[in-house]
Amino acid sequence: MSTPTPARPGPGGIVTQDVRRHFGPVRAVDGMDLVAHPGAVTALVGPNGSGKTTLLLMLAGLLRPDAGTITVAGVDPTVDGLGARAVTGWMPDAFGTWDSLTAREILLTFAAAYRVPAEVATTRVAELLETVHLADLADRPAHVLSRGQKQRLGLARALVHDPQVLLLDEPASGLDPRSRVDLRVLLRGLAAQGRTVLVSSHVLTELDEMADDAVFVSGGRTVARQTVEEATATRRPWRLRALSQSGLAAWLDAAGVPWTPEDTFAPPADVPGGVLVELDGEEAAAALLRTAVGAGVPVTSLAPAAGALESTYLALEEERR
Amino acid sequence: MSADLQTPPAAAPDDAAGRPDRSTGAWSLTWAGVRTVATLELRQRVRSTRWVVALVVFAVVVGAVTTLTFLASSSASATMSDDGVSVGRTMFGFIVFFVLFLGLLVSPTLSATSINGDRAAGTLATLQVTLLSPAEIVLGKLLAAWVASLAFLAVSVPFVVWAFAAGGTPVVGLLTTLLLLAVVLAVVCAVGLGFSALVNRGAGSAVLTYVTVAGLCVVTLVVFGLSMFLVSGDEEVQVNQLPWSSDLQFDDFGNPIGDVECELVTQERYVAHTERTWWLLAPNPFVVVADALPGGDIQTASDPMTLIRYGVRSARVGVQEPLEECWNAGDWEERQAEQMERVESSGAVWPWGLATLVLLGAGGVVVAVRRLTIPQATLPRGMRVA
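Residue numbers (UniProt numbering), protein chains in the order written: chain A, 1 to 321; chain B, 1 to 386.
Treat the hints as calculated values from the structure; they're not laboratory data. Everything numeric in this text was worked out from a predicted model, so none of it was measured. Ideal placement from N, C-alpha and C gives every residue a C-beta, glycine not left out. Any given hint could be a false lead.
To be verified - For the chain B half of the interface with chain A, some residues (derived, Cβ under 8 Å), not all of them:
hint	residue
1	S48
2	V129
3	L221
Claimed, not checked - Now the in silico label distances, taken between C-beta atoms and shown as ranges:
hint	chain 1	residue 1	chain 2	residue 2	range
4	A	R115	B	T49	51 to 59 Å
5	B	V61	A	R140	52 to 60 Å
6	A	R140	B	A154	25 to 33 Å
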């Protein structure tokens with residue numbers, strides 16, 4: 001993964017400063033600061049109801065913020081709505097399709113709605129259908145598409161006008177594992193072309209592989225900002241497995257490494273099993289593994305017990321309690 | 001809402017920079033944009049509904065009613081030894097009214113769930129974030145709904161032409177009637193679209209649209225009737241009548257014997273000043289269509305269009321002094337015809353009605369455009385953006 005540039009409000013990308021938006025008495029977004037750089041995939045992480053979708057609606061130009069400033073690719077969507085929409089592709093978390101139209105017709109309609117010239121649109125739509133693997137279903141009505149296929153069609157729709165900034169709200173929901181991999185490759189490719197990609201999700205494991213930066217939000221506020229590299233290097237639980245669980249526990253006790261049982265209900269037994277250890281990143285993991293193997297412990301695996309972002313997320317949850 | 005939309009966000013520091021405010025270009029219009037939306041809507045509608053079945057059923061119903069009207073009016077005219085003129089006009093009137101009635105029933109279903117339906121299906125917001133302006137989305141939807149309702153009008157045109165061919169209706173009348181039917185349907189579609197933008201639930205906007213249509217067609221009539229007592233009363237009016245004297249003698253038919261002149265007298269009479277309430281009838285679509293059809297001979301005509309036309313025009317003229325009660329004099333019929341002629345030529349109601357209807361439709365469009373303008377500052381209760 002590329003090293004993200006340090007936070008600075010550049011001409012491109014997405015910058016929000018202290019954005020607020022309420023619905024009646026509910027403060028959906030209550031002071032969010034966010035920077036998403038061009039050429040990077042930024043993850044917007046937070047629990048349900050933390051204001052992710054509302055923020056994306058404001059970035060997409062559908063909602064006017066009560067306060068705060070937004071720039072999307074250098075344009076303020078509240079001042080120059082049309083200019084911002086022209087460079088923004090938005091994929092909502094829940095959306096519908098015109099069931100009687102074919103996938104190709106839907107994309108061509110959106111190309112026309114984005115004023116893409118007709119001759120450009122035809123080839124562009126054909127390319128996009130290939131990209132999202134819907135070429136063989138292109139001329140069937142949209143109601144035959146499965147949920148995941150509709151999701152892919154929605155992604156193609158967001159890309160139809162070749163936007164500089166891509167806002168994706170839970171793009172992976174409903175996708176099969178193959179499509180998730182495709183999505184990751186596609187988004188990495190778009191970022192590599194210098195586009196800004198903002199992905200909201202609460203499925204954190206897949207964001208580990210996809211994102212460069214992460215912005216953690218909770219209760220309508222930004223609570224933390226971290227690069228995925230930083231998240232990978234922070235202290236988090238790893239799962240250590242060996243052929244004998246009790247032997248492993250005994251060696252850890254002897255070596256002075258604190259551990260917690262994987263299964264809290266049963267004491268370690270002399271059967272293949274594992275325990276959890278807290279480690280500071282991959283360097284520490286390599287060192288522990290070297291010592292264990294050197295001491296003759298029959299280790300079978302050592303791997304992070306949770307994703308990097310998930311650990312940060314859970315740690316933040318922990319702090320708030 | 002518009003006031004809020006114009007207000008710059010409180011904490012925006014660079015608002016004074018004087019950049020062009022393109023976000024308020026809600027009314028920018030291109031034909032390509034309107035066509036994109038209309039094509040989308042029509043494709044979706046034509047493929048998703050049993051369109052052909054609906055049109056065939058509509059045609060069969062109108063055809064059956066036309067045939068019945070033809071048989072009924074020709075047998076009626078045979079017994080009354082009438083000419084073809086009355087048969088033709090009666091038939092034309094009934095068929096046009098029936099087509100208008102069915103059109104008013106069908107049109108709300110074509111537009112009254114257009115915007116809130118799209119919102120519920122999650123397709124509206126994705127369209128709003130494109131470069132289409134709100135006006136293009138609204139007019140595209142209106143155009144699609146109107147074209148669909150015109151399809152129903154189109155399948156009934158053969159029957160209207162059949163009625164026209166039965167005689168009595170001028171060619172101009174045929175054309176203006178069809179044109180007015182089309183305009184009325186467009187107005188109903190626009191009103192439905194306005195409600196569908198205003199109300200969250202499809203059932204609510206459909207009901208409101210039907211209530212509006214019923215209001216125009218029935219409530220106008222009822223209110224006019226009920227308000228009659230407000231504008232009626234005993235008044236001193238001039239009456240042209242036979243002088244009352246004891247030496248006046250009558251023959252067996254009730255006509256006065258000898259040469260008697262009628263004279264103007266002032267009498268207290270119960271009169272209705274409908275010239276104050278005629279406008280209640282004006283926006284009624286049936287009145288507009290009937291009043292705009294060039295009239296037949298009011299002395300002999302018995303067709304619905306002519307009767308309504310004469311009725312609303314005399315309502316508009318109101319009390320005409322002196323009241324003509326000199327029915328015994330020889331030239332009574334002549335003077336009566338003159339008065340009818342005066343009513344006919346002076347009291348056209350349909351331009352007022354048509355203007356009201358067009359304003360109503362325009363109101364629907366304006367409401368819809370304002371509701372679709374983004375970014376939205378205030379959200380109506382319970383409305384989701386996407």
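Here's how the hints hold up against the structure:
1. At a threshold of 8 Å, the smallest CB-CB gap from B/S48 to chain A is about 4 Å, leaving the interface hint in force.
2. Taking 8 Å as the C-beta cut-off, the interface hint given for B/V129 holds, the closest approach to chain A being about 5 Å.
3. With its C-beta approaching chain A no nearer than about 40 Å, B/L221 sits outside the 8 Å limit, and its interface hint is violated.
4. The supplied range of 51 to 59 Å is broken by A/R115 and B/T49, whose beta-carbon atoms lie about 30 Å from each other.
5. Look at B/V61 against A/R140: about 36 Å separates their beta carbons, and that is not inside 52 to 60 Å.
6. A hinted range of 25 to 33 Å holds for the C-beta pair A/R140 and B/A154, which are about 31 Å apart.
Hint compliance for this structure: hints 3, 4 and 5 are not met, and every other hint is.
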